[in-house]
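Novice: Using the sequences provided together with the hints, build the complete structure.
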Amino acid sequence: MGSLQIDVFNQPFVIQANEDDEYLLKLLGYYKRIVGRIQRSDSLKSPLQVSALAGIILCDELYKEKSKAQLARGGENAGIFTDEEDSNEAERLTKLMIEKIEKALQ
Numbered sequence: 004m005g006s007l008q009i010d011v012f013n014q015p016f017v018i019q020a021n022e023d024d025e026y027l028l029k030l031l032g033y034y035k036r037i038v039g040r041i042q043r044s045d046s047l048k049s050p051l052q053v054s055a056l057a058g059i060i061l062c063d064e065l066y067k068e069k070s071k072a073q074l075a076r077g078g079e080n081a082g083i084f085t086d087e088e089d090s091n092e093a094e095r096l097t098k099l100m101i102e103k104i105e106k107a108l109q
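Adding 3 to a residue's 1-based position in the sequence shown gives its number in the working numbering.
Keep in mind that the hints are not guaranteed to be accurate.
[To be verified] With a Cα cut of at most 25 Å, we get these calculated SDA-like pairs of lysine to any residue:
#1 Lys98 <-> Val11
#2 Lys69 <-> Lys48
#3 Lys35 <-> Ile101
#4 Lys35 <-> Leu99
#5 Lys48 <-> Ala20
#6 Lys98 <-> Glu68
#7 Lys35 <-> Ser46
#8 Lys98 <-> Gly32
#9 Lys98 <-> Ser46
#10 Lys35 <-> Ile59
#11 Lys29 <-> Leu51
#12 Lys69 <-> Ser46
#13 Lys69 <-> Pro15
#14 Lys35 <-> Asn21
#15 Lys71 <-> Ile60
#16 Lys98 <-> Leu31
#17 Lys67 <-> Arg95
#18 Lys69 <-> Pro50
#19 Lys98 <-> Gly77
#20 Lys48 <-> Arg95
#21 Lys71 <-> Leu51
None of these hints come from the bench; they were simulated from the model.
Treat the numbers as computed from the prediction; the structure is a model and nothing was measured.
Specialist: Here is the structure:
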C-alpha cells in the first residue's frame, strides 16, 4: 500500500491506495500535466472548474480506452468516443457547460 502527499490548488492532502508510491507519483504527475494544460488555455480561472474539467478529460480518456478495448474484443456496444476529434469536442462542450454554470451562479 502506498501513500501520496497531494498539493493541488494549494489544498494539500494525503491519500493511501493499494498501489506503490512510484505508481501514485506517476498518476499525480499525469494529473498535474492535464491541469497545467487547462490552466494555460486561460479559459477557466476557478480551481474547482479546472479540477472538474481535468476529471472529465480523464474520464473521457478512460472511456475511449475501454471502448477501444471492447471493439478489439469484438464487442458491439462500444463507446461513443472513437477518435481525437470527438475528445476535443467533448472538452469544448464541457468548457461551455462550466462557463454557463459559472454565469448562472453569479
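Novice: Against this structure, judge whether each hint is valid.
Specialist: Now the hints, each set against the structure:
1. A C-alpha spacing of about 20 Å is found between lysine 98 and valine 11, which places the hinted pair at or below 25 Å, so the restraint holds.
2. Simply put, lysine 69 and lysine 48 have alpha-carbon atoms about 31 Å apart, too far for the 25 Å limit, and the pair is violated.
3. Simply put, lysine 35 and isoleucine 101 have alpha-carbon atoms about 20 Å apart, close enough for the 25 Å limit, and the pair holds.
4. Taken as a hint, the lysine 35 and leucine 99 pair is honoured in the structure, with Cα atoms around 22 Å apart against an allowance of 25 Å.
5. Straight-line distance between C-alpha atoms of lysine 48 and alanine 20 comes to about 30 Å, which puts the hinted pair past the 25 Å bound.
6. A threshold of 25 Å between alpha carbons decides the hint, and for lysine 98 with glutamate 68 the separation of about 22 Å falls inside it, so the pair holds.
7. Proposed proximity of lysine 35 and serine 46 is supported: the alpha carbons are some 17 Å apart, at most 25 Å.
8. Restraint check: the Cα-Cα separation between lysine 98 and glycine 32 comes to about 23 Å, which is no more than 25 Å; the hinted pair holds.
9. This hinted pair checks out: lysine 98 and serine 46 have alpha carbons roughly 8 Å apart, not beyond 25 Å.
10. Between lysine 35 and isoleucine 59 the CA atoms are separated by roughly 14 Å; this keeps the pair inside 25 Å, and the hint holds.
11. The hinted pair formed by lysine 29 and leucine 51 meets the criterion: a straight-line CA distance of about 22 Å does not exceed 25 Å.
12. Between lysine 69 and serine 46 the CA atoms are separated by roughly 29 Å; this puts the pair beyond 25 Å, and the hint is violated.
13. Of the pairs offered as hints, the one joining lysine 69 and proline 15 is violated, with about 31 Å between alpha carbons and a cut-off of 25 Å exceeded.
14. About 21 Å separates the Cα atoms of lysine 35 and asparagine 21, which keeps this hinted pair within 25 Å; it holds.
15. For the given pair, lysine 71 sits about 17 Å from isoleucine 60 by alpha-carbon distance, which is consistent with the 25 Å threshold.
16. For the given pair, lysine 98 sits about 22 Å from leucine 31 by alpha-carbon distance, which is consistent with the 25 Å threshold.
17. Only pairs whose Cα atoms come within 25 Å are accepted, and lysine 67 paired with arginine 95 is accepted, the gap being roughly 16 Å.
18. For the suggested pair lysine 69 and proline 50, the alpha carbons sit about 28 Å apart, so the restraint of at most 25 Å is broken.
19. Between lysine 98 and glycine 77 the alpha-carbon distance is near 33 Å, which puts this suggested pair outside the 25 Å criterion.
20. Simply put, lysine 48 and arginine 95 have alpha-carbon atoms about 16 Å apart, close enough for the 25 Å limit, and the pair holds.
21. Annotation: proposed proximity of lysine 71 to leucine 51 is violated, straight-line Cα distance about 30 Å (limit 25 Å).
Of the hints listed earlier, those the structure fails to meet are numbers 2, 5, 12, 13, 18, 19 and 21, in rising order.
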